[in-house]
Amino acid sequence: MLLLLLLLLLLLLLLLLLLLLLLLLLLLLLLLLPLLLLLLLLLLLLLLLLLLLLLLVLLLVLLLVLLPPPPPPPRLLLLLLLLLPLLLLLLPLLLVLLLLPLLLLLLLLLLLLLLLLLLLLLLLLLLLLLLLLLLLLLLLLLQLLLLLLLLLLLLLLHHHHHHHHHHHSQ
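All the letters of the sequence shown, read from the start, carry residue numbers 7 to 176 under our numbering.
Treat the hints with care, as some may be off.
As the list claims (entries may be wrong) - What follows is a set of in silico ranges between Cβ atoms, one per label pair, in the way DEER data are often shown:
| # | residue 1 | residue 2 | range |
| --- | --- | --- | --- |
| 1 | Leu123 | Leu163 | 55 to 61 angstroms |
| 2 | Leu119 | Leu59 | 33 to 39 angstroms |
| 3 | Leu105 | Leu16 | 26 to 32 angstroms |
| 4 | Val67 | Leu123 | 53 to 59 angstroms |
| 5 | Leu162 | Leu132 | 29 to 35 angstroms |
| 6 | Leu136 | Leu24 | 34 to 40 angstroms |
| 7 | Leu136 | Leu52 | 48 to 54 angstroms |
| 8 | Leu31 | Leu125 | 32 to 38 angstroms |
| 9 | Leu153 | Leu122 | 44 to 50 angstroms |
| 10 | Leu131 | Leu153 | 42 to 48 angstroms |
| 11 | Leu23 | Leu64 | 19 to 25 angstroms |
| 12 | Leu128 | Leu59 | 47 to 53 angstroms |
| 13 | Leu37 | Leu145 | 48 to 54 angstroms |
Derived by calculation from the structure, the hints in this document are not laboratory data.
None of these values were measured; they are calculated from a predicted model.
Even for Gly, the Cβ is constructed at its ideal location relative to N, Cα and C.
Working from the sequences, and respecting the hints, build out all of it.
Now the structure itself:
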């Protein structure tokens, strides 16, 4: 019976290690994912942890009920052994809770950066617009000049067979 219990505990510990690895992976992902996904993942993670906690408590109760009452020390030992995984499970929770502010801070920073980028883009757009306007103005001026030149030319040509005033040209 005791051997079985030990095996069970080993399995539990393995599960916990896997969970911790998963948690780390998730946290890594969280740093790369956007806000909503991040929150969703965190919620799922918390739910998962809570479920595992419940399972462990159920297991504990089951074992305590099923086991014939041995002398007191082993049972205490067993309780401690069963509480250990619980503590191990609480650890990731604490980690998540500690990392949440950090993640939020990172998100805020990212948002600020995005805002700055947007502002820069807006400024660039404004500059481009100004440049375009200037170009348009220049083109208009050019057109006006061309028109004036054309008119002058026409006038000159028109007057050409009347007078020979070529030295009036600029």
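To see whether the hints hold, each was checked on the structure:
1. For the hinted restraint 55 to 61 angstroms between Leu123 and Leu163, the CB-CB distance of approximately 58 angstroms keeps it satisfied.
2. Evaluation of the 33 to 39 angstroms hint for Leu119 and Leu59 yields a pass: the beta carbon distance comes to about 38 angstroms.
3. About 29 angstroms separates the C-beta atoms of Leu105 and Leu16, a value consistent with the hinted range of 26 to 32 angstroms.
4. Between Val67 and Leu123 the CB atoms are about 55 angstroms apart, so this pair conforms to the stated range of 53 to 59 angstroms.
5. Our hint of 29 to 35 angstroms for Leu162 and Leu132 is violated, since their Cβ atoms are close to 44 angstroms apart.
6. A C-beta distance of roughly 59 angstroms is found between Leu136 and Leu24, which places it outside the suggested range of 34 to 40 angstroms.
7. One distance hint, 48 to 54 angstroms for the beta-carbon pair Leu136 and Leu52, holds here, with the actual separation near 52 angstroms.
8. At about 35 angstroms, the beta-carbon gap between Leu31 and Leu125 stays in the expected band of 32 to 38 angstroms.
9. In this structure, Leu153 and Leu122 meet the distance hint of 44 to 50 angstroms, their C-beta atoms being roughly 46 angstroms apart.
10. Under the hint 42 to 48 angstroms, the C-beta atoms of Leu131 and Leu153, about 32 angstroms apart, miss the expected range.
11. In this structure, Leu23 and Leu64 meet the distance hint of 19 to 25 angstroms, their C-beta atoms being roughly 21 angstroms apart.
12. At about 50 angstroms, the beta-carbon gap between Leu128 and Leu59 stays in the expected band of 47 to 53 angstroms.
13. The hint said 48 to 54 angstroms for the Cβ distance between Leu37 and Leu145, and at roughly 51 angstroms that hint holds.
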